[in-house]
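Participant: Going down the list, the protein sequences come from chains A and B. Reminder that position 94 of the first sequence reads as 94 in this note's numbering, one-by-one numbering, no gaps. Reminder that position 295 of the second sequence reads as 295 in this note's numbering, one-by-one numbering, no gaps.
Everything labelled a hint here was simulated from the structure, so no lab data went into it.
Here are the simulated DSSO-like pairs of lysine-lysine, each with C-alpha atoms no more than 30 Å apart in a straight line:
| # | chain 1 | residue 1 | chain 2 | residue 2 |
| --- | --- | --- | --- | --- |
| 1 | A | Lys307 | B | Lys49 |
| 2 | A | Lys44 | B | Lys160 |
| 3 | B | Lys78 | B | Lys49 |
| 4 | A | Lys346 | A | Lys307 |
| 5 | B | Lys28 | A | Lys380 |
| 6 | B | Lys201 | B | Lys78 |
| 7 | A | Lys346 | B | Lys28 |
| 8 | A | Lys391 | A | Lys84 |
| 9 | A | Lys332 | A | Lys380 |
| 10 | B | Lys49 | A | Lys84 |
| 11 | B | Lys201 | A | Lys32 |
| 12 | A | Lys84 | B | Lys201 |
| 13 | A | Lys335 | B | Lys28 |
In this text the structure is predicted, and so the values were computed from the model without any measurement.
Next come the chains, spelled out residue by residue.
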Amino acid sequence: MTDTTQLLRFITAGSVDDGKSTLIGRLLHDSKSIFEDQYSAIAKTSEKRGMAAVDLSLLTDGLQAEREQGITIDVAYRYFATPKRKFIIGDTPGHEQYTRNMVTAASTANLVVILVDARRGVLVQTRRHTYLASLVGIPHIVLAVNKMDMVEYSEARYNEICTEYLAFAAQLGLHNVTCVPLSALVGDMLVDRGENLAWYQGPTLMELLENVEIDHDVNTSDFRYPVQWVCRPQTDEYHDFRGFMGRIEAGSVSVGDEITVLPSGRTSRVREIVTLDGNLQTAYAPQSVTITLTDEIDISRGDMFVKADALPTVTREFEAMLCWLSETPLDKSRKYLVKHTTRTAKCLFSSVDYRVDVNTLEQHANPVVNMNDIVHVKLKVQQPLVVDAYKRNRASGSFIVIDEATNNTVAAGMIA
Amino acid sequence: MSNHIFTHLDALESESIHIMREVAAECKNPALLFSGGKDSIVMLRLAEKAFRPAKFPFPLVHIDTEHNFPEVIATRDKLAHDLGERLIVRSLEASIARGSIVITNPDLPRNPYQSVTLLETIEEFGFDACMGGARRDEEKARAKERIFSFRDEFGQWDPKNQRPELWDIYNTRVHPGENIRVFPISNWTELDIWQYIGREKLEIPCIYYAHQREVIRRGNSVIPVSDLVQPKPGEKVEVLSVRFRTVGDVTCTAPVESTASTVDEIIAETATTRITERGATRMDDQTSDASMELRKKEGYF
Numbered sequence: 001m002t003d004t005t006q007l008l009r010f011i012t013a014g015s016v017d018d019g020k021s022t023l024i025g026r027l028l029h030d031s032k033s034i035f036e037d038q039y040s041a042i043a044k045t046s047e048k049r050g051m052a053a054v055d056l057s058l059l060t061d062g063l064q065a066e067r068e069q070g071i072t073i074d075v076a077y078r079y080f081a082t083p084k085r086k087f088i089i090g091d092t093p094g095h096e097q098y099t100r101n102m103v104t105a106a107s108t109a110n111l112v113v114i115l116v117d118a119r120r121g122v123l124v125q126t127r128r129h130t131y132l133a134s135l136v137g138i139p140h141i142v143l144a145v146n147k148m149d150m151v152e153y154s155e156a157r158y159n160e161i162c163t164e165y166l167a168f169a170a171q172l173g174l175h176n177v178t179c180v181p182l183s184a185l186v187g188d189m190l191v192d193r194g195e196n197l198a199w200y201q202g203p204t205l206m207e208l209l210e211n212v213e214i215d216h217d218v219n220t221s222d223f224r225y226p227v228q229w230v231c232r233p234q235t236d237e238y239h240d241f242r243g244f245m246g247r248i249e250a251g252s253v254s255v256g257d258e259i260t261v262l263p264s265g266r267t268s269r270v271r272e273i274v275t276l277d278g279n280l281q282t283a284y285a286p287q288s289v290t291i292t293l294t295d296e297i298d299i300s301r302g303d304m305f306v307k308a309d310a311l312p313t314v315t316r317e318f319e320a321m322l323c324w325l326s327e328t329p330l331d332k333s334r335k336y337l338v339k340h341t342t343r344t345a346k347c348l349f350s351s352v353d354y355r356v357d358v359n360t361l362e363q364h365a366n367p368v369v370n371m372n373d374i375v376h377v378k379l380k381v382q383q384p385l386v387v388d389a390y391k392r393n394r395a396s397g398s399f400i401v402i403d404e405a406t407n408n409t410v411a412a413g414m415i416a
Numbered sequence: 001m002s003n004h005i006f007t008h009l010d011a012l013e014s015e016s017i018h019i020m021r022e023v024a025a026e027c028k029n030p031a032l033l034f035s036g037g038k039d040s041i042v043m044l045r046l047a048e049k050a051f052r053p054a055k056f057p058f059p060l061v062h063i064d065t066e067h068n069f070p071e072v073i074a075t076r077d078k079l080a081h082d083l084g085e086r087l088i089v090r091s092l093e094a095s096i097a098r099g100s101i102v103i104t105n106p107d108l109p110r111n112p113y114q115s116v117t118l119l120e121t122i123e124e125f126g127f128d129a130c131m132g133g134a135r136r137d138e139e140k141a142r143a144k145e146r147i148f149s150f151r152d153e154f155g156q157w158d159p160k161n162q163r164p165e166l167w168d169i170y171n172t173r174v175h176p177g178e179n180i181r182v183f184p185i186s187n188w189t190e191l192d193i194w195q196y197i198g199r200e201k202l203e204i205p206c207i208y209y210a211h212q213r214e215v216i217r218r219g220n221s222v223i224p225v226s227d228l229v230q231p232k233p234g235e236k237v238e239v240l241s242v243r244f245r246t247v248g249d250v251t252c253t254a255p256v257e258s259t260a261s262t263v264d265e266i267i268a269e270t271a272t273t274r275i276t277e278r279g280a281t282r283m284d285d286q287t288s289d290a291s292m293e294l295r296k297k298e299g300y301f
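In isolation and in its complexed conformation, chain A is listed as follows:
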């Protein structure tokens, strides 16, 4: 890695049958990210289970609790790096809790690799994964047509699958899809091109992961700065220092810029952008900084700095898509908590309008909301929140719902 190595977070979507674990194992193995002690451990296990070759899918095998019960627990994170990029893989298992797990892993991802089996083509679950990717707004989608070795590396079969998939993706408004044919088992077109797919001229999967443009995955135009913490050192040297600490969630800010503090609406100017490494002239998302202002105004955690040229909405009522994460169904008669940016407020679900069937995309009215359900709701919150549509701004359009009785996180919300 060099001083210009970027960070890319991605997830893979597909069932065990699609060769998902083998694909991850192959990426780690062929990029030389598997360590000898890890490799010898899975080699031993493969031998014990009577397998002819080392089963790379065992690398994503997890905890004792899982091995005993033969299940995989939600999301595991894995890491590897090439000279160009450091990668974080959010690895989710493909069992019945899939929606909840995929939404969780997708929430921080730049890219999703959707796997299909070349023999079986686009399935119901492919559509489900793609819908969830669009719901959570993953910026880049790669369709990996796996097991090309099982269809004699047929270009016609590959083109057929891509055409069908791209038509479906376009219906969901997704135009940022790249397709790649590969064989995770043989190793064709993952890290090495192999010799079997000579008709394919595009990049390998690794080349895609290394080169996809991610600078604009965050909103770079609408400045959003939720205040996390107010810094008042109260020392002799910094007697009057009042710094507003936070992370720039979108856009940028420069010394001298006029900012508006929401929800109060008071305005001021940026005096300094302070960091431990010295003051900055301009700071960009997603930097964590400390901002001081030219005026003394009352500001606390939960307030948001914005600029007048791109104002968000300040509201106590909004509509959202919700992914229900809890085993306990949503109870409309109860109050919950919403945590949105750095503000937490009590909320009520004033209506639950419909549930989306993630397999058919059909809408069902007046649903009971169970775990893994995707529903459209209207919320009322006790204090005003400073919100954007999720599609425009992931950071100021997302929230979680907390059950006050259990303190559990029960839903993930995306503001409409």
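Here the structure of chain A is known, so what remains is to put chain B in place on it, guided by the hints.
Facilitator: Below, chain B without anything else, positioned relative to chain A:
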């Protein structure tokens, strides 16, 4: 982003600062676990980045096994002093004297007992959140643990009952008696840590760099000779050029053979090494495939 390359280290740093500030803002009485090892030294720099020019809004806490390398303890004390931050040290010896830890075999590593003293310290000070420098790349169990990891009154981790963690919105709420372990550098790897130490020019204990040391070979490991580890009959003491990749309990932390005497040389070795950090250096993690998972369920970091 014009004229500004936001590198993977910038991204990791900003994420960690954001997490630490969430802890400060939402937890009533947090602490930062600080041992003087390289990961916790990185945590200290991240805390400076998060909270300066003010003091840290939490004390530093070290659970001392008294099986530590003296160089590490010296660095621990010097860094805490230089930063002017409050350092609380609680020793396993005190728990042993109280009788809450019973040592059956004095030669065995003390890491498993740290949980007891940690829980006693949490109770003594009423901490509701302890930030630690654990990383997900270290071990299978850690790969599945949340950044905000909840513990019941016995400090136990339940891997099947973790809260979903979405975006960068962290649920920090706990019931009285429960507490949270927070891992702000969850997404860092060993290589990231060394690159950051190089970039930030961080002072680390000298035993991380190659030095001549008396060792004994046992199995696949080389074990440093110390007051606590002496050669058994038939074992030969050798002097090798070694460095430590981790600095835990003296009796179970093995160095690796190396001549890397600068951060750049260590980065070059780390980028090409073929053995995981814990696999190479922690004998206590090799006893069983699930030993870390079991320790965490008992309240380990």
